[in-house]
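Student: Chains P and H, in that order, are what the protein sequence lines are.
Quick note: the first sequence uses the working numbering, first residue 1, plus one each step.
Quick note: the second sequence uses the working numbering, first residue 1, plus one each step.
A few of these clues could be false.
Claimed, not checked - Heads up, simulated BS3-like pairs for lysine-lysine below, C-alpha to C-alpha not over 25 Å straight-line: (1) H:493 <-> H:386; (2) P:294 <-> H:493; (3) H:453 <-> P:294.
Just so you know, the hints here were simulated from the structure itself, not pulled from any lab data.
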Amino acid sequence: MIAAPEIDLRYPLTDGYIAANNLESTRQQSWSRFWQDPQRPRIAECIVVQEQFTAQYVGDLGALERLDTLVRQLDQAGADEMRTALIRAQVASMGHRFAEARDYLVQADAHGAPQADVNRLMLSIDQACGTRLEAVLQARRKMAAESERLEDLVPLGGLLADLREFEEADTVYRRALSGYQDVSPFAVAWVCFQLGALWGELVPEPQHERAARWYEKAIEYLPCYVKARVHLSEIYLESGNVADAEALLIPAVSSGDPEVNWRLADVLAAMGRAAESETQIQAARSGFETLLSKYLLAFADHGAEFYSGSGNDSRRAFELAMVNLANRPTLRAFEQAYETAIGAGEIQAASELLLSARKRWGGTRSFGLSALAASIHTES
Amino acid sequence: MSDHVDGPRVIGDPPADVTDLFAFTSPENSAHTVLAMNAFCSAGITASFSNAINYSIVARRMTVADLGNAAKFKPGDKEYRFSCRFSVLEPGTDSKTVQRGTLSCPDGQELHFVVNDEKGASTPDGKFRVFAGLRSDPFFLAWLVRDLKKFQNLLLHDNVLAIVVEFDTRSVLDPSQGSLFGVAAETAPIQGAATAIGHEPPRLDWVGRPEQTNMRLNNPALTGTEDVRDLWNQQTPFALPEEVRPLFRQRMMESLKNWDMRDGKADWTPEAMAAVAEVYLDDFLLFDVSKPISDKSFFEIEKSTLHGQPYQTGGGRTVNADVIDIMVTWMVNNDREFLQGGALQATKPGTNTFPYEASPNTQLQIVADNADLSASPDRVWDVIGKFGGMWHPLIASVQLTGEGVGQLRTLELIDGKQIIERLEFMDHSKKLYRYTNVSGMGVVDYTGTLDVKSKGSGSSVEWRVQYLADGQPDFAVKTIVSTLLKIGFEALKKRFGAQT
Chain P
1 MIAAPEIDLR
11 YPLTDGYIAA
21 NNLESTRQQS
31 WSRFWQDPQR
41 PRIAECIVVQ
51 EQFTAQYVGD
61 LGALERLDTL
71 VRQLDQAGAD
81 EMRTALIRAQ
91 VASMGHRFAE
101 ARDYLVQADA
111 HGAPQADVNR
121 LMLSIDQACG
131 TRLEAVLQAR
141 RKMAAESERL
151 EDLVPLGGLL
161 ADLREFEEAD
171 TVYRRALSGY
181 QDVSPFAVAW
191 VCFQLGALWG
201 ELVPEPQHER
211 AARWYEKAIE
221 YLPCYVKARV
231 HLSEIYLESG
241 NVADAEALLI
251 PAVSSGDPEV
261 NWRLADVLAA
271 MGRAAESETQ
281 IQAARSGFET
291 LLSKYLLAFA
301 DHGAEFYSGS
311 GNDSRRAFEL
321 AMVNLANRPT
331 LRAFEQAYET
341 AIGAGEIQAA
351 SELLLSARKR
361 WGGTRSFGLS
371 ALAASIHTES
Chain H
1 MSDHVDGPRV
11 IGDPPADVTD
21 LFAFTSPENS
31 AHTVLAMNAF
41 CSAGITASFS
51 NAINYSIVAR
61 RMTVADLGNA
71 AKFKPGDKEY
81 RFSCRFSVLE
91 PGTDSKTVQR
101 GTLSCPDGQE
111 LHFVVNDEKG
121 ASTPDGKFRV
131 FAGLRSDPFF
141 LAWLVRDLKK
151 FQNLLLHDNV
161 LAIVVEFDTR
171 SVLDPSQGSL
181 FGVAAETAPI
191 QGAATAIGHE
201 PPRLDWVGRP
211 EQTNMRLNNP
221 ALTGTEDVRD
231 LWNQQTPFAL
241 PEEVRPLFRQ
251 RMMESLKNWD
261 MRDGKADWTP
271 EAMAAVAEVY
281 LDDFLLFDVS
291 KPISDKSFFE
301 IEKSTLHGQP
311 YQTGGGRTVN
321 ADVIDIMVTW
331 MVNNDREFLQ
341 GGALQATKPG
351 TNTFPYEASP
361 NTQLQIVADN
371 ADLSASPDRV
381 WDVIGKFGGM
391 WHPLIASVQL
401 TGEGVGQLRT
411 LELIDGKQII
421 ERLEFMDHSK
431 KLYRYTNVSG
441 MGVVDYTGTL
451 DVKSKGSGSS
461 VEWRVQYLAD
471 GQPDFAVKTI
481 VSTLLKIGFE
491 ALKKRFGAQT
């Protein structure tokens, strides 16, 4: 096992509590400015970024609802069409409504939106949907080489990980860290999280200890980082460290992210606290269903994961995985759909999924490394 | 500068973003000088300084090395550096947090203070005084810069984090050695242990004169140019390296040419413009402690020197100086005709008492709620779409005065309280109306919006109220408004049925 190096930045980062406090404070101030004048230059764009940060780092999924309000208000205020279309595209993309996002981008483009903004979002959508990946990779490499900025390097690392180029993804993430020239902890915590996910979840043989160290770093830099807490708690639970897993999750419950309730239920079950575990499972189920009723596409894959695990409803898991697959036929979406089909006893559907996956991804190197390739081999 | 959010990088950590720098004679004591830097554009009410950043105001003695088109201000080697560092947040009273700071003075004294303490802190010898905390943003920019169209103040109601340092001019700066100074403010990461990961930037942001980056180096009217703001922000104040000077010189010339032609008239000769560009590239705020500094004296030192004449004022920059209009006029028409933007002052003018920057603006409060009802939008609107409608259980009577927009409704609540509201907007086709509070709520800028939309087989009602509390705490008003909305929606659900 290759150990993760200690990350000790040459200069300290802004304390994670200050950064989170400032994010929340700025977000509220931006909304205040927006309500005073929805057409104020750049204010809606600032809110989109701040709400994205809030959802990504603080696990506040109310961000999606607030962004819907933002779009409604821009419409009511009769805001500039180009601006609104671009914001609509960002909001739709954040909710994984990719087809809608593409339509808005076309509108934004037609109304003269800056080409760089349109292209950047289109790249993200293509990457999320697994479309035009060769072209996306080429564009990502070019952007990263030109800027060497963290915000260009991390998406490149993410794409390389999707393409199962794990070592190169690791190198790119480290390049992002070594070139970092800021004191904000958000970006550094994000890279650490990506490295944790890379080594803990994406590689064929997960290296849990290595992943845990990256997640721990992410939380050290940004204690409010809910997703990092959730992922680290899974590793702790797997290694039998239930007390630390519980301690990680308790402060994150207030975020309202149902994934926290789910993982906490697993931890409590492992501790033999069945009644408490059941309460958390109920909260998770209710939380997921509320989110799915409002933002089906955004949470279909997470919902499928929940229901094929402790959510214990293999049919619902399969249904959600298929929704996700139809929305974005990535290799990972095929893998999830196949696994949930098997779990739900849908053998015929599973076979068809294998064939579709081979048709869509069979010519790629990543498919060869996928569990689906092995399943095809077994079936044949 | 006033360069609010002046580079992609500072957007990542807003307290690193230096927005403004001021230098003026203390209104409280003419023997004192005040240097102030602001950071964190549009800071929220609970904004904090970063504990990882050194906030510094650095002055150097200057000499006028040449005049006219060869105008040059030469900095001396000695630095007068005021540096502030801040702690992490500590638990305070009433579940609020406290942040502490330390000012390092040029003579080595250290001054400890609590952020947002309006009295600030002073050294025992009275030589130095410092305040740090949230204030109303004194900057005002009332133009849409790309098109040079008058607009409202883009920083209206905004707050910033301010650091205000006041000191005894004679004992600190020793004007007998020369009274002209240049000053810059910078944010730089605090040094850590050198290790393998992380490339240390020399600084995050710095400011000399207003809008060096957002209006000149990154003139938004120049299309297809690279954003050089982050590169500029990492340069060293008072010592722009010769290897990058040509790049910035070229950009500055392109920008100044563009500014000159904004009114379709060329008011600058190429030689004079080149001279101005050189002065701008040496980006520090000039002030002379032996001459008067007023709201009008900003940039006079540079202008007179470029005109080949001795300067008359102390230059500097007061909190209330209209720096943008002074700069825009100079760049566009070489002072042929003053160009006044769409605002005459900042949200709140500066004061004559320490810390001179006005108290923070209250944040607009929002209370919003919605309900999905089983009835059609038409049926619901028929009840709640009447400005004088009697459907809310807390309202005992409604009296209307006038008609249409401007109509007043006097609400008598069941507890006897009287509230007067004014209709501002009514659109029956969109099923939306907006009203403001005239009296009875203890608030200012109170606006309510009610709208009904189709949803599923029924309708969705949204009621949103926004206000600034006035004379009573935010939470007290919030409780009243939240109760009003909650009981209103309960009544509507009872009347029309709630969608499940």
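Student: For each hint, tell me whether it holds in the structure or not.
Tutor: Cross-check of the supplied hints:
no.: 1; hint: H:493 <-> H:386; result: holds (18 Å)
no.: 2; hint: P:294 <-> H:493; result: holds (21 Å)
no.: 3; hint: H:453 <-> P:294; result: holds (17 Å)
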